[in-house]
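Residues 249 to 687 in the numbering used here are what the sequence shown spells out, letter by letter.
It cannot be assumed that every hint is accurate.
[Said to hold, decoys possible] Distance condition first, Cα-Cα at most 20 angstroms in a straight line; then the derived EDC-like pairs of lysine to aspartate or glutamate: (1) K584 <-> E554; (2) K511 <-> E564; (3) K511 <-> D577; (4) K511 <-> D563; (5) K584 <-> E550.
These are calculated hints, taken from the structure and not from any lab test.
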Amino acid sequence: MLVLGVAGAVATSSEDDWTPLALVALLLVTAVIGDRWEVESASGIRVVGSFPAFVLAAVLLGPAPAAAIGAATMLAEQGATTPLRRLLNVTNYTVFPLLTGLAIEAVQREARLDTDTGLYALLVAGAFMGASLLNFTIAGVFQRALDRRPFLAHVRDTYLPLLSCFLVNAVLTAALAYTYTQNGLLAMALAVIVLFVYLHLQRQLLTSQATAQRLARVQFGVICAIVDTVNARDQMTARHSGAVARYAQLIARASGCTAREQKLVHTAGLLHDVGKLYFSDAIFANHKLSNAEWQQIKLHPEQGAEIVGRLDGHDEVAAIILAHHERIDGTGYPLKLAGADIPRLSRMISIADTYDVMTARDSYRTPVTAQVAIAELRRVAGAQLDAALVETFITSVLADETVAFQHGDDADFIAELDLERRVLEYANLSPRPSLAPSS
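Could you build the full structure based on these sequences and the hints that come with them?
Right, here's the structure in full:
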């Protein structure tokens, strides 16, 4: 059926659709080379460089040449794949250029836009955006059939992250079309060279982003392993860290902190006790601590900050961890900071840490009720803890939550970690411009 459709489009096309033949050849070569100029983006999408050639064929030649170039490009692909996937890819590469060309023909019959006008440039850019949406729609339907992957998940994970970048590529394609209509084939050929330079730079960028994501996964994996190691020796650590992270983030939100500050304090809460990795086994035993053991415990903010500080981009988190046992009156540790000299986000960690230790059932202390813990927080406010933030925690956080949450027993370190999101944010990753369909 596909073959018949393409054959029908080719048979009904006019000779003008295939002239100049040199343009057909140029776009075909551009598409074939661009399709092989592929790289896997950080999000796992196969990004190739043939997309502008397909759209330009649809705009400058017509639906039949565009479909033929798309089919020929896919048939020339040497990548290993199953016969069914190859057939589906050929279908996609044929159908969306064909439909794009038909849509452009219909618009031009009605509007008859001059090629030197801004409206024509908008038509080409719009054709690019429409073709990209059509391509991803077809690919999403195929993935749904083959992999049972939800269509909305396909759109969310592939098309939407690329949307702003598609706009840039649409402008590039419009510029290439303008170059041809105003300056001819030779200028177009030179512009294609510029396109391949752009593709090379894009390839380098996507490769570096993928490497950054792998590095981020390794680094966060190390942190998770450290927390797991500590948790194996002290069962409360992971749950406690999850609870402190959640409490601290809610305090930050209620205090009017920015989204970035909320993320910082949440991450610091998750990692505030990684310094316990250095503790001797004796410290984890249920006994009265000796003076030497207590001195070792007082080192864990520095040791935790040292571990986290080795992660690229986590200096601020390390600084929060370093000061989370300082006291408002200056008698805390390790730096004996006082009052406003203590980072505000560290003061939030202190409140969350203190409250969870008092109320949690797996704590080294006998747990108390939320009401008793609140009274204790108010008693030490102004000396140990920040008084204003204590009231924010009590009146804006605990007052709106369930008893289960007030005890922190439902906290989950892995859920709070949300590794995939953190990796993407850490690596500053959003998929970059795609110049062609993905398969």
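Now for the hints, and whether the structure bears them out:
{"no.": "1", "hint": "K584 <-> E554", "in the structure": "holds (18 angstroms)"}
{"no.": "2", "hint": "K511 <-> E564", "in the structure": "holds (11 angstroms)"}
{"no.": "3", "hint": "K511 <-> D577", "in the structure": "violated (27 angstroms)"}
{"no.": "4", "hint": "K511 <-> D563", "in the structure": "holds (14 angstroms)"}
{"no.": "5", "hint": "K584 <-> E550", "in the structure": "holds (13 angstroms)"}
In the structure shown, a violation is registered for the earlier hint numbered 3 alone.
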